[in-house]
Each structure stands twice: as C-alpha cells, then as structure tokens.
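Here's the letter readout for the chains.
Number of protein chains: 2
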Amino acid sequence: MSDHDYAVETIYGLSTPSIQALIAAGRASQPALLKVGIFVCPGYMPMDINGAQSVFTIAGAEIYFIWKRRELVEGYIGWPTMPTMTFDECPDDLDVLVTGMVPPEVIEDPEVIRFFARAGQKAKYVIGTCYGSLMLGTAGLLKGRRATSNSNVVPMLPDVGAVAVGGSDVVIDDTIYTSGPATGSFDASLLVLKALRGEELAALVELAIEYDPRPPFRTGSPQLAGPEMTAISQSMTAPLNRQYHEAAKRGYARYQQMIQD
Amino acid sequence: MSDHDYAVETIYGLSTPSIQALIAAGRASQPALLKVGIFVCPGYMPMDINGAQSVFTIAGAEIYFIWKRRELVEGYIGWPTMPTMTFDECPDDLDVLVTGMVPPEVIEDPEVIRFFARAGQKAKYVIGTCYGSLMLGTAGLLKGRRATSNSNVVPMLPDVGAVAVGGSDVVIDDTIYTSGPATGSFDASLLVLKALRGEELAALVELAIEYDPRPPFRTGSPQLAGPEMTAISQSMTAPLNRQYHEAAKRGYARYQQMIQD
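Top line first, the protein sequences correspond to chains A and B.
Our numbering runs 7 ahead of the 1-based position in the first sequence.
Our numbering runs 7 ahead of the 1-based position in the second sequence.
Note that these hints are calculated values from the structure, not bench results.
From a predicted model like this one, the values you see are computed outputs, not experimental measurements.
Please note that a few of the clues may not be correct.
Identical chains share a label here; the pair holds if one copy fits it or two copies do between them.
[Claimed, not checked] The list that follows gives simulated cross-link-like pairs (lysine to any residue, SDA-like), each with its CA atoms no further than 20 Å apart: (1) K201 <-> P222; (2) K201 <-> F224; (3) K75 <-> E16; (4) K75 <-> M89; (5) K42 <-> A124; (6) K201 <-> R221.
Please model the complete structure; the sequences and the hints are all you need to start from.
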C-alpha cells in the first residue's frame, strides 16, 4: 500500500480520509465556523502560533495562514510552511487575528504594518504572543492598552504606545490578548475561545488536547530561574533584542507617519 | 520596502537576515550539531511535534521534516508543510526521532512501519507524543517497554506490545520517551535534551522559551476535568479511537509478519 492509496488532495496539500471525517464531525455541530487568521512570514516562530492553530482547530474553526504571497516560507527553523491566504484575500470578518514572533525586518515593513492596522481593527479578537506584541505595537493596535510579551520585550512596549505588564499571565485589554512565548499561545487562545463561545466549550477543548503541562526544570521565567541563569540567557539574546527594539521604534514611527498622511 | 528586499532564500523557503544570524550564533558554540528527525505525513498533528521542533531549534539542532516524498502535506488542519527529507535520505545517526499523532491510515502503512522499525532502532533517542505512541508501537519499538499516550490510547498500548502507564507524566524507558498530547512534546523534548547535553543546557532552553504555562481552566486531564466532562469528551472521540485501535492491531500484526519473513 502506498500513501497515495489513502491520501486525499485538499486545498492545503494531502490529507487522509480519517482526518477529513474528523474535521467534518467537528464542524457539523457548529452554529457558524470561526474564522481564524494566523500571520506567517519568512522566519516566523511556529511555537508562538501553534497554540492558536491547535485550540481553534479542535474548536472546529477555519484556519488561514496569511502572508503577502502564497510562497513557501521557513518557520524558525526547518519548518517549511505554505501560506494559504494573501493580505488582499483576508476577509473583513475574522474572529481572531494571531501573530507570534516575527523577525525585526517584518515588524518594521510598511506593507505588513498596513495589513495589521487594517485587519487588526476589523477582527473581533487579536492575539499577540512573544515578540508578536511588538508586531501589534508597530501597527498601532496597542496604543494606550495594557499588554505583555516575553521578559526581554516587556520594557520595550511603551515605545510602541503600550502600557507594559510583566509576569507571564495573559494580559487582556478589551479585544487584545497578549502573552509570553511558548504556551502563552495556548493560554491566550483558550481565553479568546471562552470569550467567543463560552467557558464550557473552552474547558472541553483544554481537556480534548489534554493541556496539562509538566515543565521539567521549573526555570520558565526569570523569577523561577534566578538571577545567574537569567543573566546567561539575556546575554545570549541581547544582540537580537537590540535589533527588535530599534526595529519596533522605526516601525512605530512609520505607522504614526502613515496615519498622518 | 517589499519583503523581497529583506528575504533570503534557504533550502527550506524564505527566511530573513536576522533569523539566519540567530541560527549561526546558536550553532557557533556547538560541539556537534544535534540531528533531529521529525516525522510528518498527510494529516499529521502540528501540536504534537511543535515542542520538539522548538526545543531542539533553540538548542541549535538541525531539524529534518521526514516523509516519503518532498510533497506538500496538510497538518491537521490548515498547516501546509513541506517535508525536507525522504525516508531514503534519513541519516543513520539521528540523535532524536520524533512522532506525534498521525492518522490511522499511516500507523498501519507497511512502508511507514518499515521506516520506523529501522530509523527508530538506530536513533539515539525516540519521542512519541499522543497517538504517536501507537506509531512507535506498530513498528515494534515499544515491545516490552513502559509507555504512555493520551488517556484514550493508554488502554490500547498492550495491543502493540507495550506496558501501559497512565497519568500525564513523560514515561522514560531506556531511550524511548513517550508523553501525552499538547505540551507533552515540550516536556519529553526537554528531558531528552537533558539526556543528550546535560540539565544545565536543558534548563536554559526552558528559560529561553519561557515555558511557564498557565492552563486557564485546569481541565487538562480526565482527573482534573471530572467524570461528566470526560464522558462528553470521550463520546466525541469514540469513533476516531475505534479506528485507531483497529489500525494499531492490524499494523502491529503486519510488523510481526515482516520480522518473521
């Protein structure tokens, strides 16, 4: 038996009959499918959007991977991903717009800033995970809002107009949900699902994916890791963080210029 | 500025100069790059392999997405992924071989079983997350070994030769690490990284990704969710689980036939 005996063509690539049946069963009971747009780009961080893709997939949503063009991009690293929707094709009635860490080149790209400024204002909810908060910031979406990110980025948030909040919890300000990296994407997405469809469904999805983490070393924040390990970690990412800080300031200045024009 | 002003071509698609610099910096200090093979296929579950891809990426590894052919497949759902390595190209000296949930059609595919039986015995460590444990099982890798999976699959594990262990913790038997779904992939990967490179680096990676989860509803296991919610969840996945159970038994019988021939 070759896989072509069981694989079926989808608009996204090859899938299987069992997975297609699973998708159909999950959607049969839906009043209206949730529309979830996930931003991807060259060098995007799969970890930061995976919680959203998983949680909303299990909840029966339609998932769109949005980029300028339908052209293969590399998730950091080695995760070749094909966008399924362009900026121009993005519907105005997204239920959720999601971004995780994207490279500094991208958060100051005027075309991307313009996309987020438009789509982010029209979407019912917006999720920014890790450096993704800077992406929302340079598009003006955090102006005057409470927001969080990873511990290195939190102090940069005021430079994109936000009120910075530290401490690893998801920060909710009206329809904008921001979180730290890694599983912040799961936490924020489950809370957005609660806002959209109620706690009963959201809690059921948390069970369906058996989201019951067991971090082995309990070093997942500067507070948990202590000053010595935190200093080592910060020294490793310092050059990257300087790039992000400069790009965020330039991007935010560009956005402000855009809205004046 | 268009993204083509900053995007660079990689063998995996487009990336950016900042991400390429980040990869180079992470690898500069490595004694020898870890080689991590991640199994993908039509209908594979991105959530179950994301922890491995993230943890080993941050640790500076080379990441290979392995499938029969370099042909776009759909991750469940809407995550179009391009495999970067075929079964034939897979090196014999993998440090880690990883699989998450793959459809029942795949866990009983003789060509896939043959690949896992060979590559799984040669790799230093093997990680199976969620239904991925059944994939390892039908390839004979769990024979006489303690193993776990999601709560629905745990009772099926003896039918692929394993000693079943419940309870959400990562189960380690020699070089085989199995876990439940979702963040089980992070937990198992951090523990394998500890085995390969020591606890100091593994704990530093846990900090670098700020893996400090905040499950919002505390319903991530049958024990946490209680009998009523668990019954609802199980009734929704019962048809799928029957398919998995039958496919696993057929696949394991095929494996046993293979090694007799």
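Right, here's what the structure says about each hint:
In this homomeric assembly, K201 and P222 come within 20 Å of each other (Cα to Cα) only across copies, at 13 Å, whereas the closest approach inside a single copy is 25 Å. For the homomeric pair K201 and F224, the shortest alpha-carbon distance between copies (10 Å) is at most 20 Å, but the shortest distance inside one copy (30 Å) is not. Taking the shortest alpha-carbon separations for K75 and E16, only the inter-copy value of 16 Å comes in at or below 20 Å, while the best intra-copy value is 24 Å. In this homomeric assembly, K75 and M89 come within 20 Å of each other (Cα to Cα) both inside a single copy, at 11 Å, and across copies, at 19 Å.
Taking CA atoms no more than 20 Å apart as the test, K42 paired with A124 passes inside one copy only; the shortest distance there is 18 Å, against 40 Å between copies. Taking the closest pair of Cα atoms, K201 and R221 come within 20 Å of each other only across two copies (15 Å); inside a single copy the shortest separation is 24 Å, beyond that limit.
This entry satisfies every hint, going by the numbered hints stated previously.
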